[in-house]
Amino acid sequence: MAWDLKSDRPIYAQLIEQLELRICSGIYPLGSKMPSVRDLAQEASVNPNTMQKALSKLEEDGLLYTNRTSGRFVTEDVNKIHAVRNKLAQEQVQEFLNKMTDLGFECDEILSIITTMLKELKK
Amino acid sequence: MSNLLECRNLSKSFGPVKALNNVNLSIGRGRIVGLLGPNASGKSTFIKICNGLLTPTEGEILINGHKPGIETKKIVSYLPERNYLNDWMKVSDIIGFFSDFYQDFSKDKAYDMLSKLGITASQRLKTMSKGTKEKVQLILVMSREAQLYLLDEPIGGVDPAARDYILDTIIRNYNENATIVLSTHLIADIEKILDDVIFIREGQIVLNKTVDEIREESGKSIDSLFREVFKC
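For the protein sequence lines, the chains are X and G, in the order given.
Sequential numbering of the first sequence, starting at 1, is according to the numbering used here.
Sequential numbering of the second sequence, starting at 124, is according to the numbering used here.
If you're looking for bench data, these hints aren't it; they were derived computationally from the structure.
Because the structure is a prediction, the values reported are computed rather than measured.
We treat Cβ as the ideally placed atom computed from N, Cα and C, and that holds for glycine.
Take these hints with a grain of salt, some might be off.
Claimed, not checked - Here are the simulated SDA-like pairs of lysine to any residue, each with C-alpha atoms no more than 20 angstroms apart in a straight line: (1) X:LYS53 <-> G:PHE228; (2) X:LYS6 <-> G:GLU336; (3) X:LYS6 <-> G:ALA311; (4) G:LYS232 <-> X:ARG9; (5) X:LYS57 <-> G:PHE228; (6) X:LYS6 <-> G:LYS190; (7) G:LYS232 <-> X:GLN42; (8) G:LYS343 <-> X:ASP39; (9) G:LYS332 <-> X:ASP39; (10) G:LYS332 <-> X:ARG9; (11) G:LYS190 <-> G:ASN132; (12) G:LYS343 <-> X:LEU5; (13) X:LYS53 <-> G:GLU336; (14) X:LYS6 <-> G:ASP318; (15) G:LYS197 <-> G:PHE228.
To be verified - Calculated Cβ distances over 12 angstroms to all of chain X for the following chain G residues: (16) ALA311; (17) LYS315; (18) VAL352.
The whole structure should be built from the sequences, with the hints applied where relevant.
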């Protein structure tokens, strides 16, 4: 997964989103050790201080924890990850709904389009 | 810990021209700072004063508590905007030179970077392209374990792939006790790696904020804001 950073929003906020996404999608699995700040900063081509700040925020939120001697790990609490996953899903759906409303779609129309497309996907 | 770089009421005049006009600035440790401004805004003059190549007309500048001189040269690694190395020398000669001159110079680091960029150490500078010479200069500067790196337009003359490598090198060498100040016109390429941004115009500082503060407040990239502030 490539780091996708937009140029008109704070980098810190975007790093938090991208790290959450990577944790939820299992790139950094439950209970696994996170790469070092330096490696992550290099991978995302961002300032190490900004990466550090984003990681600290995720620690505050309980998604990551630091073991004094062995580094930083992903939480082992499945519920925490589910909660973040739901939050990310809601954000995606909200964005989609906003766009559909802009296009002039009503609730039932949106629902029927989704149902039809999901059926086709299953085939 | 005190600030690494501190300047108070700093001014520099060249005859009737005020290249720097009453600059007050504090830069801490562990920062990557972008010094951004249009041509002739005073960027290089500022960097040259930090190095003791120019003396201020008024005010003072302190690096780690010292005025520019022998003490500060030990801890400042400077990349000038022009090539100053002797053309007849081989890269390996220059590396020997640097490691004699600077206690904090790491030969291993230099040779490692040379091989990553595909530069042959036995090659003489005069046989190299302009871009390759610039890469060699930057390698020399980044191979020191300095406390303050002053890079005057480090990525201007090199191709985009080498540019990425240079930015990568800056991130990889990041150390919480050292600060990097770099001037450039290629803002879009570097803004992601900066902590702080300083806009300078006609010798005066017009903005000094973190990248994320600027993006948050203006909803724009530093590059777009620069184009707006310095619109011709």
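Against the structure, the hints:
1. X:LYS53 <-> G:PHE228: With a Cα-Cα distance of about 31 angstroms, the restraint between LYS53 (chain X) and PHE228 (chain G) is violated, given a limit of 20 angstroms.
2. X:LYS6 <-> G:GLU336: holds (15 angstroms)
3. X:LYS6 <-> G:ALA311: It holds: about 11 angstroms lies between the C-alpha atoms, which stays within 20 angstroms.
4. G:LYS232 <-> X:ARG9: violated (35 angstroms)
5. X:LYS57 <-> G:PHE228: violated (37 angstroms)
6. X:LYS6 <-> G:LYS190: Violated - the C-alpha atoms of LYS190 (chain G) and LYS6 (chain X) are around 41 angstroms apart, more than 20 angstroms.
7. G:LYS232 <-> X:GLN42: holds (18 angstroms)
8. G:LYS343 <-> X:ASP39: At roughly 27 angstroms apart (the allowed maximum being 20 angstroms), ASP39 (chain X) and LYS343 (chain G) break the hint.
9. G:LYS332 <-> X:ASP39: violated (26 angstroms)
10. G:LYS332 <-> X:ARG9: It holds: about 15 angstroms lies between the C-alpha atoms, which stays within 20 angstroms.
11. G:LYS190 <-> G:ASN132: holds (14 angstroms)
12. G:LYS343 <-> X:LEU5: Satisfied, since the Cα-Cα distance of roughly 13 angstroms is no more than 20 angstroms.
13. X:LYS53 <-> G:GLU336: Judged against 20 angstroms, a Cα distance of about 14 angstroms means the pair holds.
14. X:LYS6 <-> G:ASP318: holds (17 angstroms)
15. G:LYS197 <-> G:PHE228: holds (10 angstroms)
16. ALA311: violated (7 angstroms)
17. LYS315: violated (5 angstroms)
18. VAL352: VAL352 (chain G) is indeed farther than 12 angstroms from all Cβ atoms of chain X, at 16 angstroms.
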